[in-house]
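Asks: Going down the list, the sequences are from chains U and A.
For the record, in the first sequence the residue sitting at position 153 is 1508 according to our numbering, with numbers rising by one throughout.
For the record, in the second sequence the residue sitting at position 185 is 192 according to our numbering, with numbers rising by one throughout.
Hints listed in this document are in silico derivations from the structure and should not be mistaken for laboratory results.
It cannot be assumed that every hint is accurate.
[Stated by the list, open to error] Simulated restraints, written as ranges between beta carbons of each label pair:
#1 A/LYS19 / U/GLY1393: 46 to 54 Å
#2 U/SER1514 / A/GLN31: 55 to 63 Å
#3 U/ASP1445 / A/ASP274: 51 to 59 Å
#4 A/PRO187 / U/LYS1735: 31 to 39 Å
#5 U/GLY1393 / A/LEU15: 36 to 44 Å
[Unchecked claim] Computed footprint of chain U on chain A; a stretch qualifies when at least three of its residues, placed anywhere within it, have a C-beta under 8 Å from a C-beta of chain U:
#6 162-175
#7 186-192
Here the structure is a predicted model, which means the values were calculated and not measured.
Where a beta carbon is used, it is the ideal one built from N, C-alpha and C, also for glycine.
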Amino acid sequence: MPKIQVQNLTKIFGQRPHRALQLLHQGKTKQEILQETGLTVGVSRASFDVQAGEIFVIMGLSGSGKSTLVRMLNRLIDPTEGKILIDGEDIVQMSTEELQKVRRKKLGMVFQKFALFPHRTVLENAAYGLEVQGIAKSEREKKAAESLALVGLAGWEKSYPDELSGGMQQRVGLARALANDPDVLLMDEAFSALDPLIRKDMQDELLELQSSVQKTIIFITHDLDEALKIGDRIALMKDGAVVQIGTPEEILTNPANEYVERFVEDVDRSKVLSAEHVMKRAETITLDKGPRVAFQLMRERGVSTLYVVDKRKKLLGVLTADAVNQAVKESLSLEQVLRPEVPVVPPQTLLNELFDLVASSDIPVAVTGEQNRLLGVIVKGALLGGLAGKVNLETQAVPTSDEGQVNVQ
Amino acid sequence: MSQLLPKLPLDKWVEAVVDVMDDQLGFLFDLISAGIGGTVDLFHAVLTGLPFWLLIVLFTVLAYRVGRLPIALFTFIGLVLIDNLGYWENSMETLALVLTAGLISVVIGVPMGIWCAKKDSVQNVITPLLDFMQTMPAFVYLIPAIFFFGLGKVPGVIASVIFAMPPTIRLTNLGIRQVPVDLVEAADAFGSTYLQKLLKVQLPIAKTTIMAGINQSIMLALSMVVIASMIGAKGLGADVYRAVTQINIGAGFEAGLAIVIIAILLDRITQGAGKRKKA
């Protein structure tokens, strides 16, 4: 028998949700139901089984209903319809007391933002689940300490959560969930708030831990890389519905529909997007201008670097604010203070090849096309924005040739 | 404006309700009266029973423990000054009234706040009631209080409680509602009962906010206790009141100063108690 069986699980948010159920049974989409009734379909008739000892990943973008789904599994959110069988018992039908018992004995939960109790020490946090069961202090502290040791936090028992780093705090969260010795761990974006290196470590440690404790783990994530790495099986969600369930290989090689295909495609944006997707328009000037013009232009545009081009937009060098300042003071020409060496990349450069260059350069990196023609510049913020999916298409236009012509009163 | 409609006899109605309440609930008022009177007397007995120098030492130590050295110094100098000016007796009388009103505000206000935080419907009913209690001119409460409880300290305490309790209710409600959602979820997810969640998670995390409410209640109680001297509550308020009627600037200033000292003392001590101390 599967450890957890989810059948037709549905959650509709809003007043009198049963109005939407009928429409849902008629096969209407989330958007249609929202328009007709004003009700939001959180989760739409999700069904799946989870085997004991399995890591089952539920993946989807934000708003896909994955957090709602996991909260229904321990009834932090009550389902509108459907069944959740844990060891064959339907928890949807349970009374408050029965539910509390299942939560105490069988279900541990780890939260995205850790959700540690700030007024309790690390040890008291880890012991919380045992404390509410009424287990004697010495015994629960012993178990909690064991659990903390398991996640590598021995010696930190007396600290408070705010004295720990993010990664350590989530270890406490994990220890708190493990201290009860539950059969099932619900992990809601457990590693999403951690920085990438720590996240990777935690993923490795979770897998290592799992090989010894053998829990049934339901792991929620929006990160496909993470899902592929730790999942025995993955369920992909969209608009509240489960669109595909399969092993990582199945999902990658045999996507069920276009949505999954697209999801799988941009596994890592930095390997897909290139410099031209994230570059900004460059502020340029030609060398026949004087330093005061350059100074004025910088002030007007609010920039600290000007890119010097010739009439054909060929990049000659860069003027920094300091250089222009010096030229104004000492009456030098722009040519004399021009800095000819500029970090340059071609427009097809992938983002993940750009990071080092952009990070180490004190001025925005120039993007140049054929014959060293300036196309745009890459500032640090835009590079990060590109990774977050903000690609600006309008900046691909090359600045017109009268850009540098500034009149000074 | 000319009268298009005859005036609503709102004043008559209120009086009628008060009459009926006085008739039917007299025994209840007697009981309340005895309880409040007893509490005030108890505080008063303790405060005047101990020698003043011992009390000064105790207050100073308390101020040092919850606050810091400057507050302890202020407490010591302030109390010595009160005694020196000859207002010790009346200050203790006032303190007894404030402590009683503050205690009742907390005992009723905190559970009310918890109830409001639990149910939106309760909050929706209580909130306008609190607005009413806080904005109705404080003197008005003195009238029914006299009617039900006669003159003296008991109606003074009751009027003070009505005036002073709202911040405790409001901030208890607010404090509990402000506990981050994921912490409440965590408490639920590990199988806490309602009471466990409240005592182990919500109240401790809301403590600072709740203490801010209690602090406000005590401050308001003090200001009201002074006003209540008009209906015969003894203490520093009576001194101020007397000074006003006699246009005695000097005595008015002295009694007023004593009130200020007690106000600052109560404020700093209750504020200090609200801050979390960590090793």
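Asks: State for each hint whether it applies.
Replies: Consistency of the hints with the structure:
As the Cβ distance of A/LYS19 to U/GLY1393 is approximately 48 Å, the hint placing it in 46 to 54 Å holds. With their beta carbons about 60 Å apart, U/SER1514 and A/GLN31 fall inside the hinted range of 55 to 63 Å. Against the hinted window of 51 to 59 Å, the Cβ-Cβ separation of U/ASP1445 and A/ASP274 comes to about 56 Å, which satisfies the hint. The beta-carbon spacing between A/PRO187 and U/LYS1735, approximately 32 Å, falls within the hinted interval of 31 to 39 Å.
About 41 Å separates the C-beta atoms of U/GLY1393 and A/LEU15, a value consistent with the hinted range of 36 to 44 Å. Against chain U, the stretch 162-175 of chain A contributes 0 residues with a C-beta closer than 8 Å to a partner C-beta. That does not satisfy the three-residue criterion, and the hint is violated. For a cut-off of 8 Å, the count of residues in the stretch 186-192 of chain A with a CB near a CB of chain U stands at 4, and the three-residue condition holds.
The structure fails hint 6 only (numbered hints given earlier).
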